[in-house]
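Peer 1: Protein chains in written order, with my numbering: chain A, 57 to 344; chain B, 22 to 268.
FYI, nobody ran anything at the bench for these hints, they're computed from the structure. Please read these numbers as outputs of a predicted model, since none were measured by experiment. There's no promise every hint is true.
[As the list claims (entries may be wrong)] Coverage of chain A stretches by chain B, computed from C-beta distances (three or more under 8 Å per stretch; other residues unrestricted):
id, stretch
1, 86 to 94
2, 145 to 159
3, 170 to 182
[What the hints assert, rightly or not] Residues from chain A that face chain B, not an exhaustive set, calculated with beta carbons under 10 Å:
id, residue
4, 102
5, 103
6, 257
Every residue, glycine too, gets a C-beta built ideally from N, C-alpha and C.
Below are the chains, spelled out letter by letter.
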Amino acid sequence: MVAIRDPGGRVAPNRVGSERSTRARVRAIMTHRPELKLLITRDLKVKYEKSVLGYVWSILEPLLLATVYFFVFGVIMGVGTEDYLVYLLAGMLPWLWASSTINGSTGALTGQARLVKTTSVPREIWVLRLVGARWVDFALSLPVLVLFAILYRRAPHLGHLALLPFVMIVQAILLTGIALLLASITVLFRDVKNVVKIVMRLLFYFSPILYGFEKIQKLPDVVVQFYTLNPFVGILELNRAVWFPDELQKAGISWVSAVLPTIVLTGALFVLGWTVFGRLERAVLKEL
Amino acid sequence: MEPPVIVADNVGIRFTRNRKRRLRLRELLIHGSSRQPSGEEFWAFRNVSFKIHQGEAVGLIGANGQGKSTLLRLIAGVMLPDEGTITVTQDVAPLIELASGMVSDLTARDNIYLASGLHGMPRGEIDERFEEIVQFAEIEAFLDTPVRHFSSGMKARLAFAVATRLDAPIILVDEVLSVGDRRFRKKCQERMEEMVGGGRTFFLVSHSESDLKRFCTRGLYLRDGQLVCDGPLDDTLAKYAEEVSGG
Chain A
57 MVAIRDPGGR VAPNRVGSER STRARVRAIM THRPELKLLI TRDLKVKYEK SVLGYVWSIL
117 EPLLLATVYF FVFGVIMGVG TEDYLVYLLA GMLPWLWASS TINGSTGALT GQARLVKTTS
177 VPREIWVLRL VGARWVDFAL SLPVLVLFAI LYRRAPHLGH LALLPFVMIV QAILLTGIAL
237 LLASITVLFR DVKNVVKIVM RLLFYFSPIL YGFEKIQKLP DVVVQFYTLN PFVGILELNR
297 AVWFPDELQK AGISWVSAVL PTIVLTGALF VLGWTVFGRL ERAVLKEL
Chain B
22 MEPPVIVADN VGIRFTRNRK RRLRLRELLI HGSSRQPSGE EFWAFRNVSF KIHQGEAVGL
82 IGANGQGKST LLRLIAGVML PDEGTITVTQ DVAPLIELAS GMVSDLTARD NIYLASGLHG
142 MPRGEIDERF EEIVQFAEIE AFLDTPVRHF SSGMKARLAF AVATRLDAPI ILVDEVLSVG
202 DRRFRKKCQE RMEEMVGGGR TFFLVSHSES DLKRFCTRGL YLRDGQLVCD GPLDDTLAKY
262 AEEVSGG
């Protein structure tokens with residue numbers, strides 16, 4: 057058992073020895089919340105404060121992407137749904153939170169190797185910081201969606217809006233699990249980074265962003281089942297159901313059955329990420 | 022008697038000789054410590070046990086590559102042992118790899134806040150000590166310069182200034198007394214002497230006999246992956262000298 061007590065009387069029990077229990081790890085993370093906050097605010101400061109266009113840059117990407125897809129699918133090919141631009145943005149924003157976190161997770165430890173190697177903050181903090189900072193990015197981009205919804209005169213479905221915080225928490229847990237897994241594995245296995253990039257590219261098209269889940273449901277059952285293994289399906293569907301409540305009805309599912317597979321997968325991926333990170337921590341610190 | 026502040030109990034750590042370490046599924050599924058070490062792994066040291074009480078000043082002695090810095094990292098909690106346990110009951114200020122703890126894209130100002138914050142110092146306290154740190158490091162004119170433009174001496178000075186203002190009860194020092202030019206080195210040594218008093222616990226890795234004698238009273242000697250000697254500094258130094266010359 058290690059209990060590190062600092063002048064402030066803070067105790068960070070930190071078993072440095074054979075296996076560290078989940079409880080000890082959670083407690084260590086909790087006592088290092090100030091450091092987590094510090095790292096997240098530093099991240100955001102660098103991004104938003106240091107350049108005049110900081111905020112504009114961060115919303116430009118989803119906006120440009122949405123415009124391009126709107127132009128290609130909505131205008132040229134004419135397959136877009138009603139108010140397609142809002143439709144796209146509603147899926148694109150949570151997706152960008154996911155993809156920027158997952159793509160960033162491969163560098164969460166390797167990119168900060170120097171700091172990770174010289175400070176004893178729980179290593180999980182370096183991953184949580186990434187998820188947290190990208191979460192704030194996502195929250196800050198939501199006004200853009202609201203603005204376009206107003207322009208298109210779309211009213212939010214209040215019941216689904218109330219679900220949004222819950223969905224965001226599910227997404228945060230899911231991303232934490234995936235990021236813990238990838239951050240630790242990448243240190244030992246550097247090519248994971250490239251694999252992740254490609255997978256995320258493909259997953260974009262296999263997620264309900266450009267189209268709705270009901271399009272997939274018309275396909276054979278095997279495809280549908282395989283498709284639902286993507287944990288982002290439920291998250292994206294519910295994000296969009298705020299502005300397009302008939303989305304779920306068209307797919308013939310309630311919000312519960314939309315989000316249930318996602319929750320199960322989130323739980324599994326979180327446990328996997330948490331466990332792998334803990335098991336690899338020792339090797340990771342030697343390899344960094 | 023007060024309980025010890027650092028307890029190492031049969032600590033061992035091993036490394037892979039092969040730099041291209043492959044990820045083994047086994048490692049994910051079975052816990053490391055129950056595993057038989059394979060041929061390509063070696064133990065940096067094993068069965069190292071000691072207890073250190075508050076206020077002790079300990080020098081770690083040994084030839085290069087005997088695991089001195091690794092042992093210091095284990096105490097700092099930035100590495101984890103493969104067997105045994107290390108218990109540290111007070112906050113630690115590691116003066117390890119000083120300059121590399123600075124983020125080169127950030128300014129000196131941001132680095133001071135980041136480094137102190139990461140070592141658990143609340144913002145208000147950093148504000149209070151900020152001037153003192155800047156003055157000690159002698160970088161007043163470069164506060165808002167990104168650290169990547171700093172010379173290595175300036176970086177080390179800044180890092181030393183931050184680390185020694187952490188006010189931690191346990192201080193780990195790894196060959197940092199050779200920081201900067203002669204004048205600054207003297208300043209560092211004076212600062213260290215100030216800290217050695219006042220009930221702080223010291224752990225010093227050094228090849229300089231004079232530094233060891235100046236700061237430490239107890240010596241630990243690491244050789245061939247074993248802790249071969251733990252006693253008063255002079256005895257340990259004598260044993261080391263005898264082995265080095267006598268072979």
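Peer 1: Now tell me, hint by hint, if it's right for this structure.
Peer 2: Outcome of the hint check:
Chain B is given as covering the stretch 86 to 94 of chain A, and this holds because 4 residues of the stretch bring a CB closer than 8 Å to a CB of that chain, at least three being needed. As drawn, the stretch 145 to 159 of chain A meets chain B at 0 residues by the rule of a beta-carbon pair under 8 Å; below three, the given contact is violated. For the stretch 170 to 182 of chain A, the assignment as covered by chain B holds, since 8 residues bring a beta-carbon within under 8 Å of that chain's beta-carbons and 3 suffice. A distance limit of 10 Å between C-beta atoms decides the matter here; for residue 102/A the minimum to chain B is near 8 Å, and the interface restraint holds.
Given the 10 Å rule on beta carbons, the hint for residue 103/A is violated: about 13 Å separates it from the nearest Cβ of chain B. With a cut of 10 Å, the hint placing residue 257/A at the interface with chain B is violated, because the nearest CB-to-CB distance is about 24 Å.
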